[in-house]
Amino acid sequence: MNRPCLTQEIADEFAIGSLPVMVEAELAEHLRECESCLEMTRAAQRLAAALALTAPLARSPSGLRRRTFVAAGVARTRLAGRLLRYGSAAAGVAAALLAVGAFTGMVAVRNQVQDLRQENSNLGTQVEDLLSQKIEILALTRRLSDEERTSDELQQAARGDRDLLLAMLSPEADVAEVFSVEPGASSIGRLVWDRDQKKVWFVANRLRSLPAGETYQVWASAGGKYHSLGTFNAEPSGFARYETIVPQGLENYESAVVTIERAGGAPERTGSSVFVADLSRLRR
Amino acid sequence: MPWQGNPDPSGVRSILRTGEIARPLGDPRAARREWTDESLMLAIAARDDYAFAVLYDRYADLVYSAALRVLADAQLAEDVTQDVFVRLWRRPESFISARGRFLTWFMSVTRNRAIDEIRALGRRHRREAPQPDDSESDTCLRIAAPGDDPLIEAELHELSVRVRAAVSELPRDQRRALELAYFGGLTQQEISELSHEPLGTIKTRIRLGMQKLRRSLQDRI
Chain A
1 MNRPCLTQEI
11 ADEFAIGSLP
21 VMVEAELAEH
31 LRECESCLEM
41 TRAAQRLAAA
51 LALTAPLARS
61 PSGLRRRTFV
71 AAGVARTRLA
81 GRLLRYGSAA
91 AGVAAALLAV
101 GAFTGMVAVR
111 NQVQDLRQEN
121 SNLGTQVEDL
131 LSQKIEILAL
141 TRRLSDEERT
151 SDELQQAARG
161 DRDLLLAMLS
171 PEADVAEVFS
181 VEPGASSIGR
191 LVWDRDQKKV
201 WFVANRLRSL
211 PAGETYQVWA
221 SAGGKYHSLG
231 TFNAEPSGFA
241 RYETIVPQGL
251 ENYESAVVTI
261 ERAGGAPERT
271 GSSVFVADLS
281 RLRR
Chain B
1 MPWQGNPDPS
11 GVRSILRTGE
21 IARPLGDPRA
31 ARREWTDESL
41 MLAIAARDDY
51 AFAVLYDRYA
61 DLVYSAALRV
71 LADAQLAEDV
81 TQDVFVRLWR
91 RPESFISARG
101 RFLTWFMSVT
111 RNRAIDEIRA
121 LGRRHRREAP
131 QPDDSESDTC
141 LRIAAPGDDP
151 LIEAELHELS
161 VRVRAAVSEL
171 PRDQRRALEL
181 AYFGGLTQQE
191 ISELSHEPLG
201 TIKTRIRLGM
211 QKLRRSLQDR
221 I
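Same order as they appear, the protein sequences are chains A and B.
Position 29 (the first sequence) corresponds to 29 in my numbering; numbering is contiguous.
Position 133 (the second sequence) corresponds to 133 in my numbering; numbering is contiguous.
Do not rely on the hints blindly, as some may be mistaken.
Here are the simulated distance ranges between beta carbons [claimed, not checked]:
hint, chain 1, residue 1, chain 2, residue 2, range
1, B, 57, A, 205, 46 to 54 Å
2, B, 200, A, 70, 44 to 52 Å
3, A, 255, B, 165, 13 to 21 Å
4, B, 120, A, 250, 44 to 52 Å
Rough simulated footprint, nothing fancy, chain A against chain B, three-plus residues with beta-carbon under 8 Å [stated by the list, open to error]:
hint, segment
5, 80-93
6, 203-215
To be clear, the hints were calculated from the coordinates, so they are not data collected in a lab.
All residues carry an ideal CB built from backbone N, CA and C; glycine is no exception.
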């Protein structure tokens, strides 16, 4: 990626349109590649869009409706079209009336007209039913697509569970207990470092939910330097599970900590530790 | 990152609601008036011009008002309103329900189109955007609530009231900075020059304003 991830502040500035065009273009390029920043920015854009509802209400000009429909190609000036259609039909029916009336009388003609009207009404209802069915099929198709996406996510989660289980059983993995830095706090989770899969898992419970604009960030210390392993958020229940690929060049670690940083994560560790992986309680 | 949270269920919810569309009876336009925005968009994708008419009647005033607020020119606001509805009819697939509510998306489209109009005309609005009178509490009584379906009308009215209340609770300076950026299309630097305030001050006002709005509206947007 060409620039670091967005902070909440930058996402807000982008959403409200207060950044210079060049910066906007640069951020847009980043957003094409970074799903988490894109999601944060979309939420900010939804918030910014609400401001439009504060504009004093003005009634749109009455002629605008027709102009819009004509420009969209929706209205073949419906009234004119209808008059034209009905006019042609009326002319035909009138001619028929004259001819038929001469032979069979007005009563029979009236019955036929009523039959035609009924038939026309039935056809209209059928068209409406078909349209409704088409929309329902569209809805069902979309629902199916959502279900497939959910299924994919569940499969992905199951694969993650399997990988975590394999890691916990593997002799190539370190499993360290994770403690809160508060005095007397008991173990709240595990940090699993699998050299074989080159992956790290952080699984913990009893985490507090962070306010908007903040995130948990995992760091591994190696050679006296902290390397970011990424950011994660706790679920409302306090549970958090985070997995990531070990960054290239980071073969092992001396300690691991979790800090609270600004949303989007920090390139360098700035917050104080809230959780530590206790290597003295390392299990292999 | 795989564990950033659960997938946003808003799209799924919209589709479930769509599945509950009532069969049209009698006047097809009357039946569609009860449809949700998302259902109407599905129907528009199926080239249903009645659905387009209902959506137009529901939001034309809001769109026109927002465009007028940005452009301060009735004719340009009409052009923008026409253009966004024509684009909606021609490219309904550009709305993706899973990403959020139709209304906020459409308002965002309107605002961006209006700002584009200002820039295309090469006459950036360097004027101060008109400030809503702090004492205009009666404005809340005539908030946009178009449409024929009482339920949708009430929902839209309530949302507008909430947004207005949230914005009116912002300190004047923060509200002004947000409005100059959003409705005036001004960058922070331009707002700084216009108001003779340091750039950092403007950035702070926008940041704090957005934070407060987020807290006030997070359950509705």
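Status of the hints after comparison with the structure:
1. 57/B - 205/A: 46 to 54 Å: holds (52 Å)
2. 200/B - 70/A: 44 to 52 Å: 50 Å Cβ-Cβ, so the 44 to 52 Å window holds.
3. 255/A - 165/B: 13 to 21 Å: Given range 13 to 21 Å: violated, Cβ gap about 49 Å.
4. 120/B - 250/A: 44 to 52 Å: Cβ of residue 120/B to Cβ of residue 250/A: about 50 Å, so the range 44 to 52 Å holds.
5. 80-93: holds (count 6)
6. 203-215: Result for this restraint: holds, n = 8.
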